[in-house]
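**Q** Sequence:
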Amino acid sequence: MSTFTARDRASAVERIHGRAAGTLELDYENAWQDAVELEQLGRQFGVDVQYRAVEHVSVASPEALVRGLRMEKATFRQRYLYCRFDMAALSEDTLRDLEDLAIEHGDYLMPANLFTEATLTWM
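Heads up: the sequence shown begins at 1 in UniProt numbering, then just goes up one per residue.
FYI, nobody ran anything at the bench for these hints, they're computed from the structure. Here the structure is a predicted model, which is why all the values come from computation and not from measurement. Heads up, some of the hints might be wrong.
What the hints assert, rightly or not - FRET-style restraints, in silico, Cβ to Cβ:
(1) 32 to 123: 22 to 32 Å
(2) 61 to 41: 40 to 50 Å
(3) 96 to 8: 34 to 44 Å
(4) 89 to 17: 49 to 59 Å
(5) 108 to 72: 17 to 27 Å
(6) 61 to 10: 35 to 45 Å
(7) 43 to 76: 29 to 39 Å
From the three backbone atoms N, C-alpha and C, an ideal C-beta is built for every residue, glycine too.
Required output: the full structure, derived from the provided sequences and hints.
**A** Shown next, in the form of structure tokens:
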């Protein structure tokens, strides 16, 4: 099944009323306020509506982390960035800079041992 990401309430409602097949994900600033109502509306029209506040990102390397943090953030979800590399191998200054970048995006750097399941992978 396909997944459609609604970037605003109007496109979510349009997709639901169109009885679109697949999953409709809500990903916009106020989605948390609309989630319950749109999930109920989706059930009435046979559309699976989902809202996730957090994205779990598996990060393979320091280079992937730098690339990912320098890209424009395309989601309103908070991201937990699970670093599957040895964070202790980074200099304190480098780690601080990466943490600052993550904080600017509203994200968190996490050690790999806390990793459970990824919704996205940065290679």
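**Q** Run every hint past the structure and note whether it holds.
**A** Outcome of the hint check:
1. 32 to 123: 22 to 32 Å: The hinted range 22 to 32 Å holds for residue 32 and residue 123, with Cβ atoms some 30 Å apart.
2. 61 to 41: 40 to 50 Å: 42 Å, holds
3. 96 to 8: 34 to 44 Å: 36 Å, holds
4. 89 to 17: 49 to 59 Å: Because 52 Å falls inside the window, the suggested range holds.
5. 108 to 72: 17 to 27 Å: 19 Å, holds
6. 61 to 10: 35 to 45 Å: 39 Å, holds
7. 43 to 76: 29 to 39 Å: 24 Å, violated
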